[in-house]
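> Generate the whole structure from the sequences, applying the supplied hints.
Chains as they are written, first to last, in the numbering used here: chain A, 1 to 333; chain B, 1 to 253; chain C, 1 to 285.
Rather than coming from a laboratory, the hints here were simulated on the basis of the structure.
In this text the structure is predicted, and so the values were computed from the model without any measurement.
Where a beta carbon is used, it is the ideal one built from N, C-alpha and C, also for glycine.
Mixed in with the good hints there might be a few duds.
[What the hints assert, rightly or not] If the Cβ cut is set under 10 Å, some of the chain A residues that face chain B in the computed set are:
| no. | residue |
| --- | --- |
| 1 | 176 |
| 2 | 182 |
| 3 | 188 |
| 4 | 198 |
| 5 | 199 |
| 6 | 200 |
| 7 | 202 |
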Amino acid sequence: MLRRLLPAPAMLASIAAVVVLPLILPSVAMATEVVVFIIATLGCNLLLGYVGLLSFGQAISFGVGAYACGLALIHLHIGVWGGLFAALICSIIAGLVVGALSIQKRGIYFVMLTFAFSQMFYFIAYAMAEVTGGDNGLLNVPRPPLTVFGVTLLSLGTPLSMYCLAAIVFLVLFVFLHRLVASPFGSTLIAIRENEERAIAVGYNTRIFKIIAFVISSWVTGMAGALYALFLNFAPLSNIDVSMSERIIIMTIVGGTNSLFGSVLGATFYVVVGNLLASVWPRWLLVLGIILIVVAGYLRGGLWSGVEWTWQRLRARWPVAGAVEQREDRGGA
Amino acid sequence: MSAEPRTALAVEGLTKRFGGFAALKHVSFAVREHSIHSLIGPNGAGKTTLFNCLTGALKPSAGRVVFAGRDITHLPPHRRARIGMGRSFQVTNLFQNLTVFESLRLAAQAQTGLAALDFVRPKELLRRAVANAEVVLDRLGLGPYRDTKAGELSHGRQRLLEVGLALAVGPSLLLLDEPTAGMGVEDIGAMKELIATLARDYTIVLIEHNMRVVLDISDMITVMHLGEVLVEGRSDAVRRDDRVKAAYLGSEG
Amino acid sequence: MNLYLIQVLNGLGIGMIYFLIAVGLSVIFGIMNFVNFAHGAFYLLGAYLCYAIAAATDSFWLALAVGPLAIGALAWAAETRFLCRLYRVEHMYQILVTLGLALVIQELVVLIWGPIGTHVSAPALFRGVLSYGDFAYPKYRLFVIGFSAVLALTLWLLLERTRYGAILRAGTESTEMVSLLGIDIFRLFSLTFALGAYLAGLAGVLAAPIRGAEPFMGPEALTIAFVVVVIGGMGSFAGALAGGLLVGVVQSVMSSLWSEGANVMIYVAMALVILLRPRGLFGRT
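If you want it as C-alpha cells, here you go:
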C-alpha cells in the first residue's frame, strides 16, 4: 500500500539530484548548465531510447528554442513566461515540420535526413544574421524576474534563482515524461521500437505516433534551449550546429537509453567531467573519445546499466523486506 | 441456424504485376463467414503475393478485395486491423523483448482508438485492452508464460503467440500465414485444434504447406498455380483432383 | 567568362577530392552496413601527415606515397582490434565508437601539431600557374584533377577487373552470399575499411596544398562525404564520382554567386534526394 503512495524511485532520485547538484558542484552556474543539458538529453532519450529513432535534429530544437526565447525577450518584452512560451511554439513547429518529413523514411535514411535538416537550419541561422546575430550569436538576452500577476516568484538575478527555474522546469518535464513512457502512448512507442512492422499489423498508425514523439522531443529540447539562452544571456550559433546534436546524443547514450534517469546521469557526467577536465587539460576530448569507444564496445547500457548492476548486487547482498520495487520503465511487464 | 451464410471476404479479379511478370492473374474467390478457407499451391503459385494484397502490404494492379461488403483494396495495413482483419506472419515477427501479456495487451490497445494516445494514465488502467489480452492469453493457454519475454518462448509457443497477436486485435477475420511453420508434431496437433475451434467465432483464411492440416480442417480449399486459381473445392475433391497432383508433382519434377 | 571557368575547374578539383573521401565511406556502408563517423579523421590525418612528412623530408611525393599507407594501416589496426565487434550492433553504437575514434585522432593531432592550422606548400614541380593567353590557373589544382582522374580509373579497374573488386561488388549486394562462397568475410571487411581510409587519407594529402591543414577540418569533410554518398547512392562507385563532381562544381559555382545559399542548397538537395529518390543517382534500390 505504501508503495502506491511513494513516487517512483526515478522520481525520488530526480528530486534528490536536483537538490544535491548545486551543493556538490563547484558552482551553482555549473549545476544550471547540467540541468539544462539533462532536459535536452531527456528529449533525445525519448526518441532514441523509447521509439528507437536516432535523430541529429536535437540542435534544431535546442537552437530554435534558444533563439525564440531570446528574440521574444529582446523584441517583445514579454517576460520569462513569454520567452518560454515562444520557445514552446517555435520548437513544436520546427519539430512538426522536420518530423513529418523525416519520418517518411526509416533507418539510416531517417538519420541522414535529420542530419541534412540540422545543417540546413544551421546555415539558415548563419545567413539570417540580422535576426540571429549570425556568427556572433544573439547577444544581450535579458533575464527579467519571473512574475505571476505582478508577484515576483523568482528574481532570476542570482545564480541560485536561475538554477531554481531550471530545476523546476526539469522536474515538471521529468514527471511528464515519466508518466508518458508508462502510459498507453508510451507503450506504443516502445512497441514501434521493438517491431514497427508488427505494430502496424496490429493496427497502429505508426507514422502519427512517431511524429507526435518527434514533436514532444523537440518541445522538451526546445525548453532546454530557452533556459540556456536565459542562463547565458546569449544564444550562440553553436546551439544550432550539428555538433550540438552529437553532444546531446553522446550524453544520451553514455547515460543509458534504457531509462529516463539515464539522461540525468549522462548529462551530469558530460558537463561536469567536461568542465572539470577541460580546466585541467584542454585536450579532455581525448578522454571522452576513449570513454565513447569503451561504452560502445562494452557498456552499451551506459552509466545507467552500471547503476542497475550495482543496485542488483547490493540488493542481493542486503535484501530489504518490502522495499520499493525496482521499476523498469522501459518495456517489459 | 439462420439464412444463407454470408461472405466475409471476397477477392475479385485480383491481378498483380511486377514489371513484366504477373504474379497474380485475375484471382477470384469468396470466403464464407465462420469457415476455414485454405490457400495452397506449390512454391511460386502466388499465395504470398495474394496474402500481401489481403493484408495491405501490396497494392494490386487490378481487381478488388471486399471485406464485409466494403472495398478495402487500397486500405492501408494498419486500418485493416482496425476494421476486423487480424493477421499472423509466416516468419515469427513478435515483440522479442516484451512479455507475452504486454504483447497481447498492445495488440488489444490498438483497437481502443484515441485511448491509445493517452499519455497521462498508466497503461494498466486501460481496462479494455487489459481485459481483452487476458481473454486471449487464456484461450491460447499461455497463462503460465504471461511474464515471459516473447523472444524466450519455445518455437511452438511463439507460433501460438503469433496467432494470439492476430486474435487480440478483436477481429472477425483471421489471416494466418503458415501458422504451423517450423513446428514439431505435437505442437502442430495443438495448433490444428486451436484453429478448428477458432472457426466457431471467426472466419479464417489460411496459407499452409502442411497438407494434413489443410485437408483435415478446411471447409474450402483454393488451389493456386502460376498466379491463377487452379481448383477450388472441399478437401476430398481437391485431394483427388488430377490437376492439383500435376501442379505439385510437375513443379517438383 | 574566365571567372566562370575558374570556378568550374575549382569545382572539378574539389569534387575529385570529395569523390576520394566519399567512395570509401560509401563502400564501407554498402558492404558492411557500418556508419563510419571517423572517416573525416582519416582525411584530417592525411592533411597533417602531408604537412609533417613534407616538412621533414621536403618531399611532397614521399608524403603522397607514404602518408595514406600509414593511415590505411592505422585503420586496419583499429578495425581488427575493436571496430569489427560492432558490425551487428545498432547504428547508434557504431556512430558512438567512430565518433570516439574521430575525437581521439583529432585531439592527438592537436597535441602533436598544435591547435592552429598550417599552410602546406605544393610540390615544387607544380608550383605557380599555367597561363594560356590571359587565362591563368594554378598548376597544382590541374595536377589534382589529373591525378585524381587517373586514380579513379585505377579504382574502377580494381573494381571491375580484379578478383578483389569482383568480391567487393558482390559484397555490396550480399555479404551472406560472399561468405557462403567461402571467402573470409572478415578479411574482406578489414581490407575494405583500410582501403576506404587510405583513399580518405589520400584526399587529405592532395587537399593540403589547397586547403592547408587545420585540426578541426575532419567534421566538415565527413559532412560533405555524407552529402555525396546520399546524392550519388550508397555503395556505388559511380555514384561517389558523379556525386562528388556534382557537389564540388555546384558548390564552387554557387559560392561566387550566393555563398550563403550555396550551403543551404546542398542540404536541401540532400534532403530532397532522400525523400524522393533514396537510392540517389546510381545506388541500388
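> Could you work out which earlier hints the structure fails to respect and list their numbers in ascending sequence?
none
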